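Trainee: With the hints as a guide, dock the two chains, each given alone in a separate frame, to form the complex.
Sequences listed follow chains F and E, in order. Each residue of the first sequence is one higher than the last, beginning at 1185 in our numbering. Each residue of the second sequence is one higher than the last, beginning at 390 in our numbering.
What follows is a list of derived Cβ distance ranges for each label pair:
(1) F/Leu1186 to E/Phe584: 20 to 28 Å
(2) E/Thr405 to F/Thr1315: 22 to 30 Å
(3) E/Phe519 to F/Arg1238: 50 to 58 Å
(4) F/Leu1186 to E/Met398: 54 to 62 Å
(5) E/Ala671 to F/Leu1193: 32 to 40 Å
(6) E/Phe527 to F/Ser1209: 31 to 39 Å
Coverage of chain F stretches by chain E, computed from C-beta distances (three or more under 8 Å per stretch; other residues unrestricted):
(7) 1196 to 1205
(8) 1208 to 1214
(9) 1232 to 1238
(10) 1271 to 1283
(11) 1287 to 1299
(12) 1306 to 1317
Think of the hints as simulated: they come from the structure by calculation, not from any bench. The structure presented is a predicted model; accordingly, all values stated were derived computationally and were not measured. Backbone N, C-alpha and C define an ideal beta-carbon position, used for all residues, glycine too.
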Amino acid sequence: MLPTFLLALLGLGAAFTAFSYDVGSFTGMGPGFFPLALGLILFLLGGVILWQDRQPPEAIAEQAHPFAWRPFAAVSAGILAWVLLAETTGFFVAAACQVVLTSLALPKPRWRSIAIMAAVLATGGYLLFVTQLGVPLSAVG
Amino acid sequence: METLNLLAMGFEQALTPEALMFCLLGVSLGTFIGVLPGIGSLTTIALCLPLTFHLEPLLGLIMLAGIFYGAQYGSSTASILLNVPGSAPAAITCLDGYPMSRQGRAGIALFMTTIASFIGGSFAILLLVFFAPVLANFAISFSAADYFSIMILALTAASTLSVGSPVKGLAMVTFGLLLGMVGTDINSGQFRFTFGIPALTDGINLVALAMGLFGVAEILNNLNEGKVPQAGQEAITLKNMMPTKDDWKAFRYSCMRGSLIGSFIGMLPGTGPTIATFMAYAGEKKLSHHPEKFGHGAVEGISAPEAANNASVQAAFIPTLTLGVPGDAIMAVMLGGLLVHGITPGPQLVTTDAALFWGVVASFWIGNVLLLILNLPMIGLWVKLLSIPYRFLFPAVLFLICIGVYSVNNNRVDVLLTLGFGVMGFFLNRHGFASAPLLLGFVLGPLIEENFRRALVLSDSSLATFVERPISLVFLVLTAILLVFSLWRKTGTTHSRSQAAP
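The shape of chain E in the complex, shown without the other chains (with noise of 0.2 Å):
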């Protein structure tokens, strides 16, 4: 009951006018972006960040966690029209959404895709509703010595589990963990790595590395691939949306299989909705009595995958708020945002925050609502944006990368250290290392060296303590098997592009 309770004192907080404007502008941001490909929800939160600053912390937090799953509502379109995902998730909706868009039934898959989202979010946030307290509770007993284990954990899954090589991960997690340390130690007030350049003093700018890592270097390498796509044009109408009975029969039972899959993948540490919609497919077509269908217009082969990937991203937020511990780049994102807020997740923040937290849960349904009404009768104006020539909108992010990079701290070497980080992510990237992990490193490791020396102080310098404490013996033991497990598996994984997206 005292559960409702909370939640209706969160739709208080959610329905006011101001959150109302701000969970609206957020959906449809994401969606636009969502169905654009080539832009990222990354690039845009991040874009966005800086003017979060100026707005109370719930109003902020509910325009860019609106941006991110607004996203995902939008990705599939251009997967299932241009045969190109809008955002990596959407990757594998290609598969069987575009196969169906040949055959005329792009309608159909529009709307399919669009309610196995609201599914998947509306089952994972009920999962947040009621799990999140437990979890919150349960986590107040984590010590230092506990927290240093799970955010290894989830380095640890977040590099290793994702496509291509997991020592190319680990790498650079590790390379992400080390830009973490420039700036000011704060134990001993030592400058690290800060080279005399005052504007490093700080630490680097996430927003400033973000934008590069993926504003500039997503720019670069689709400038460089320059194969820029461009949708036919086919009317999408309420009338050629309506699935028929087989469908419907089709797609009931994956769309709640894909719900499961994402909830449970979205709230470990580590993993992001790739990785759900990769599972949630491949199992899909385990179970099918029709392996065959696969790939050529199943309907099951998108209604499992969008569902998980929405599951997955409203999931994701329940580790992220109750432990503090993102699990993937763009909640890593999301975190720094709040912290520069003043506001540590973690367990205390359901019952200190709890205005926040259950505000920003009770957002989440209402930004899902709006979506549906974004996405299904408005669907046609979403895809005559995909008409939008690359030549205007590329010129355009980049402007507001410069601009919104500069807005931060007012700072041009902010913009300069943008730049760098893009050309250095694009090479990376063509190379085949992946730069999210870079980003989790980079915003977890202020925390997991601050929990290693607190865990060492409390246990009186003993390493010892890691495997003594159940929790923490437990986190580094998955880690392990994760280890063991991914290098077993070799780097011959025969995903030839590691491109990697967030």
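Chain F with its partners taken away, still in its complex shape (with noise of 0.2 Å):
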């Protein structure tokens, strides 16, 4: 229901949106005629798959797997880190907190594997990425 809501209201945001863009006619259509005409449609099918889940038949289904906090906070959190410290605290740095972070997703880490992992992990990421690559990171600091 709520994702539902939300494309329908992100519709008229942009259609909204596209309107401080000279929208222009068919003669002579500018930029915010393209965005205006997706939006009205996004908001207008929104509509139509409210309507459709009045009774839902599909939510009983989804129940299945009901929501964990723990995995998305752990896959959250860990890529957070990485944008927060990439280039702040350098590769090392960023690329162990973010292994071990993620790794935090499943109950009972084993600090032993993760540790490895994070340091293979970093060293062969460093390797490709940085020495061979060239991305401009620095190793630490």
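Mentor: Here it is in structure tokens:
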């Protein structure tokens, strides 16, 4: 329900934003024309889906896998750590934090194997991407 | 004759040591990720895309394509041994492959799917060789209006023909088209939906979007479901792979029918291998004198879908390379990769970039032969891969996604976007919205807008041009039929879990 609602809202928002660009007309289409049309279509489709899902037969099937916070938080935290650290503390710290944090997605973490994995991935990744492919990141700091 | 000469030239291109190496690399990597459930070929292709920017276009395309069709070979392995598809199109192979494995016939099933894959792939390559130039010749007369209409048809087909609600598919396509608008408008220079973020002025990074929607969302979903399959070890040797006489009899015609269906479906714009395998299976079951055997280890139930799978994957290159209209999300990513190299697929590609076109085609054959070698004598090795625990896999894949996305533009914002798209895709998938139509819409969005505008300029702003040109009219009528048909079918399709993977 909520995702559909958000999609419809997004369509409406896009259509409104498109108004601030030049919409033009068929004879002289402005950059706002297509986004406006697409936004309205998305809004319309969202409405149709909401209407179709009034008596939700699907909703029952979707209860099969209730949302779990742990893996979601761990994966997000891992990627965020990379975004925040890669350019500040250097490749190795960022990579290690990312691997360790995402590994926490599973219960009962095995610290030794996580540590080994972090070391192997960070070293291999550094050699491939920084040394070989020239990605401009420093090893530390 | 001319075709054969061109093909010979293609082999010259594809048989250089470098090309061979990238072909082997691609198909091995493809088999590797194909065997492993939980990592899709789209994630892998998107990951390797930035690496190919450093390569010649031909080598890059050979490798990316190799991953794509290599994964189709590998993906049946997990279906047969674990009852878990290595990738979405192989889902149907579980139905009869896993029962065969339970009957102690896993080796035979693996052998037959490999042979069926090879035959299906080879058949479609032949079609590609002889049909693509004809199609390109025909398409050279396509105008902007015709392109607009065929792209609309492709998007409609991709969103309505997949499993799940067709309206949700259409909503995702529209969302994708909107995301494709983000960036600088080429006609006016106006920034659209950039919200003052400099990283967005060139548009949303394709790799970030694909990695989020497929890589990150896939991992979030696997972890959320909490069931990560592990294989029971069973020795697979060449000796216990030999099919019996009856097996061969069942195999022969079903494999040919699968190849035909797969090639046909693969060529259509907007239809991917998943549809091809479903149709091949349904067709075999209808034709069979023993439909009750299906689901209990019928050989036809694995040979036809596997042949169809590989045929459709190879045939999918026909519309992508000759028209520039990709059939599914994976082809859309390849198209995006070609565009980055400054190559615009289309009818002129076959003539102006003949070396590239024929080199790639030749590499398909080489790749399929390599896969036959990789999958038959070395099958035991791949089966062992299934024992790699998921707790090693997902952190490694996420690490590669982070650094891979970063390396495209050396920009942290792209990695943040990847996370955003991943979370978005995860929640949308949970509510029955498939990601593939979105990605297809994203890649085609700018092309559709451009062709729409150009068509109106050429026709003095008359919308009638879209129905006055016969080719365009045919595509639009087909689109209308599709829409009516899929909405008629109502949304009550019983695929309760429209997890609709790529």
